[in-house]
Amino acid sequence: MLVIEVTNARDVVRQRIGRLGGRLIGKVVDAEAQVEKALIQELETAFRDFGIEARIFSIDGPQMIGRSHLEIPVQVREERQVRLS
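Going by our numbering, the first residue of the sequence shown is number -19, and it counts up by one from there.
Calculated directly from the structure, the hints in this document are not laboratory data. It is possible that part of the hints are untrue.
Derived Cβ-Cβ restraints for the label pairs, each shown as a range [as the list claims (entries may be wrong)]:
| id | residue 1 | residue 2 | range |
| --- | --- | --- | --- |
| 1 | 61 | 14 | 32 to 40 Å |
| 2 | -2 | 64 | 35 to 43 Å |
| 3 | 24 | 48 | 13 to 21 Å |
| 4 | 21 | -10 | 14 to 22 Å |
| 5 | -3 | 46 | 16 to 24 Å |
No more than 20 Å apart at the CA atoms, straight line, and that leaves these computed lysine to aspartate or glutamate pairs for EDC-like [as the list claims (entries may be wrong)]:
| id | residue 1 | residue 2 |
| --- | --- | --- |
| 6 | 17 | 29 |
| 7 | 17 | 33 |
| 8 | 17 | 40 |
| 9 | 17 | -9 |
| 10 | 17 | -15 |
| 11 | 17 | 58 |
| 12 | 17 | 59 |
The beta-carbon is built from N, C-alpha and C at its ideal position, and this holds for glycine as well.
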């Protein structure tokens, strides 16, 4: 199982939408959700190219604590299944 924590979602969104849009992050735009959605699309494409079937979840709630603990509650924002046709 892989866990990927995006640590610079605000910076990524700010680069994409500019300074004015950067001020809206957190008010109108959920930076983490936007970056995760883009990553899910890229992962889905890459997994299909490699012949990998997977379930990809975008979840809200867990926090990494150091290198050895994951704090949960989990709220699923999005789920996508990658299946080979």
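Hint check results:
no. : hint                 : verdict
1   : 61 / 14: 32 to 40 Å  : violated, 21 Å
2   : -2 / 64: 35 to 43 Å  : holds, 39 Å
3   : 24 / 48: 13 to 21 Å  : violated, 30 Å
4   : 21 / -10: 14 to 22 Å : holds, 20 Å
5   : -3 / 46: 16 to 24 Å  : violated, 32 Å
6   : 17 / 29              : holds, 19 Å
7   : 17 / 33              : holds, 18 Å
8   : 17 / 40              : holds, 13 Å
9   : 17 / -9              : holds, 16 Å
10  : 17 / -15             : holds, 13 Å
11  : 17 / 58              : holds, 8 Å
12  : 17 / 59              : holds, 10 Å
In summary, the numbered hints that this structure violates are 1, 3, 5.
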